Amino acid sequence: MSSLTREEVEKVSLLARLRLSEEELSTMTEQMSQIVSYVELLEEVNTDDVEPMAHAVEQHNVFAEDAVHESLPRDAALANAPKRDDECFRVPAVLGD
Amino acid sequence: MALYEASATQLLSQLESGEVTSVEVTKACLDRIRQHDGAVGAFLKVMDEKALAQAAEVDRKRKAGEELGLLAGVPVAVKDLLCTEGEVTTCASKMLKDFVPPYSSTVIKKLQAADAVIVGKTNMDEFAMGGSTENSALGKTRNPWNTDLVPGGSSGGAAACLAAQMVPLSIGTDTGGSIRQPASFCGVVGLKPTYGRVSRFGLIAFASSLDQIGPMARTAEDTALFLEAMSGHDPQDSTSANVPCPLFSKTVDQPLEGLRIGLVKEHFGEGLDGDVEKAVREAVSVYEKLGAKVVDISLPHNKYGIATYYIIAPSEASSNLARFDGAHYGHRCDEATMLEELQKEKDALVAAGDELGVKRMDTPLIRMYRQSRAEGFGPEVKRRIMLGTYTLSAGYYDAFYLKALKVRRLIREDYDKAFKTVDLIVGPTAPNPAFAAGSKTNDPLAMYLEDLYTVTANLAGIPAMSIPCGFTSGGLPVGLHMQAPALEEDRLLRAAYMFQKETDWHAKTPSL
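Protein chains in written order, with my numbering: chain A, 1 to 97; chain B, 1 to 512.
Since the hints were derived computationally from the structure, they do not count as laboratory data. The model shown is predicted, which means the values in this text are computed figures rather than measured ones. It cannot be assumed that every hint is accurate.
[Unchecked claim] To give a feel for the contact side, a few chain A residues facing chain B, derived at Cβ under 7 Å:
| id | residue |
| --- | --- |
| 1 | 39 |
| 2 | 53 |
| 3 | 55 |
| 4 | 62 |
| 5 | 80 |
| 6 | 89 |
| 7 | 94 |
| 8 | 95 |
C-beta: ideal position from N, C-alpha, C; glycine also.
Using the sequences and the accompanying hints, generate a full structural model.
What follows is the structure in structure tokens.
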């Protein structure tokens with residue numbers, strides 16, 4: 001059984017932009033290890049020369065008409081923002097300390 | 001017959017003859033919801049006033065002889081993950097509990113164009129992730145057949161409100177079996193259409209290459225009518241199939257001659273409940289009596305379905321759910337507390353002289369993302385985001401994601417081969433009947449195995465349906481699962497109707 005380490009899971013939580021509590025990290029390490037070793041079942045399938053299938057319907061090059069459309073009005077786009085001013089979404093400082 | 005007992009088809013004929021009005025029908029549904037939803041918990045929101053206003057408008061149009069849509073005046077429930085302009089759309093998540101979409105999904109627009117009356121939004125597993133509706137952050141749904149049991153999931157509310165006769169039609173979504181498994185647990189009909197048959201525009205996405213919206217109802221005729229109303233090409237969804245939409249409601253009563261039914265030997269192995277197997281085998285014998293030929297077939301890659309699904313679906317989920325960042329919409333953590341905590345962490349690291357630790361610290365923006373998402377998402381959603389991020393990360397992509405995409409093709413090829421010799425593949429929808437609430441919540445893998453028979457249809461993009469086909473000795477409904485080649489929903493619906501003519505399982509209702 002392949003097992004993930006707590007450090008690996010912590011690293012994934014940063015990539016996933018999730019902050020996990022100590023307890024969550026322990027449970028997650030155990031459960032992800034269990035699931036990952038289950039999905040390793042796929043190793044026994046020979047997939048040499050098999051093309052990956054990313055989508056149920058293999059469509060290519062679906063183009064939208066190259067035309068200008070009216071976009072969502074600014075107020076509607078900002079309406080659900082947790083913090084905003086008249087023009088922008090507000091977030092904590094990005095630059096500097 | 002009380003109005004709430006009637007099917008959509010029966011209601012439409014009564015509405016057309018002037019025997020009843022849509023306001024009367026809608027009131028009957030709303031009364032039924034008021035009376036029983038305290039125990040069932042199928043709805044997150046009931047839109048009494050809006051529904052009655054819609055119903056009154058349909059009655060007016062009908063009286064004035066104006067042209068009416070396919071579902072004119074029929075009450076419909078909507079799973080709470082279809083964006084509905086001006087109505088809170090939550091995905092049963094704390095993350096979106098106050099989210100009011102600025103536009104409506106194509107399916108909602110189609111329901112409006114069909115003059116349906118939308119009575120409310122139904123409960124579900126958070127972001128449609130789960131098989132029991134226990135992952136909802138906003139309430140519990142119970143199985144109307146036994147309120148100690150789960151209704152299945154993720155469309156648990158959608159199935160429970162049908163079984164409890166609160167509405168005749170209900171919209172579900174199915175990423176790995178989320179329409180069919182709850183339909184099976186609640187004794188109703190559920191159809192996952194061919195991928196692309198129904199537009200996904202405005203559906204809050206979980207796993208885009210697998211998600212499908214589909215009809216749930218109590219009879220085959222209603223399912224056909226409902227599918228007809230929601231199907232069709234949509235230029236706003238680039239994965240929408242540009243094919244004509246058949247008039248399913250016009251062909252549903254035509255029996256299938258010379259039907260060849262495939263039984264998959266892998267479907268009747270270990271883990272299948274004895275009562276479920278018995279009901280399914282008896283259902284197959286009903287088809288045999290009707291002249292169908294039963295053929296044993298094999299889908300050798302079927303057993304890899306769950307493993308393939310639990311790589312692909314979380315991978316897509318981790319990407320789709322990245323949009324919930326606490327900046328544009330959805331839950332945001334308390335910023336002042338968050339910044340204060342971050343400063344404390346920094347001070348501690350500085351005091352300890354841990355320069356590397358300071359370097360590795362979250363910036364305020366990153367911490368806001370991480371904290372908001374930690375607070376907004378429930379455990380199952382976090383688990384899938386984590387799994388998907390892991391399987392897509394550098395070093396694991398080839399071993400997991402790419403491998404799963406290749407096995408996905410082998411699963412699809414098994415189907416293509418099988419459908420050369422049979423018209424339909426028939427088997428159990430779920431390996432067991434509805435289970436006790438709480439019995440699988442701490443064992444995600446056991447919960448994932450619920451989808452054993454259903455996920456492969458999503459991976460292959462083919463249509464599949466669950467219909468009531470019997471009961472266990474303990475009195476719980478059992479579902480018969482039928483799968484057909486891409487775009488052959490017509491075949492599923494006609495086969496379901498043939499079965500329904502010979503049996504009355506679909507007409508059984510729980511006592512509430």
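Status of the hints after comparison with the structure:
Satisfaction of the interface hint for residue 39(A) is found here, the shortest Cβ-Cβ separation to chain B being roughly 4 Å, below the 7 Å cut-off. Because the closest C-beta pair between residue 53(A) and chain B is about 4 Å apart, less than 7 Å, the hint holds. Because the beta carbon of residue 55(A) sits about 5 Å from the nearest beta carbon in chain B, less than 7 Å, this interface hint is met. Annotation: interface hint on residue 62(A) holds; nearest CB of chain B at approximately 4 Å, less than 7 Å.
Interface restraint check: residue 80(A) against chain B, minimum CB-CB distance 4 Å, threshold 7 Å, status holds. At a threshold of 7 Å, the smallest CB-CB gap from residue 89(A) to chain B is about 5 Å, leaving the interface hint in force. Checking residue 94(A) against chain B by beta carbon gives a least distance of about 5 Å; that is within 7 Å, so the hint holds. Given the 7 Å rule on beta carbons, the hint for residue 95(A) is violated: about 10 Å separates it from the nearest Cβ of chain B.
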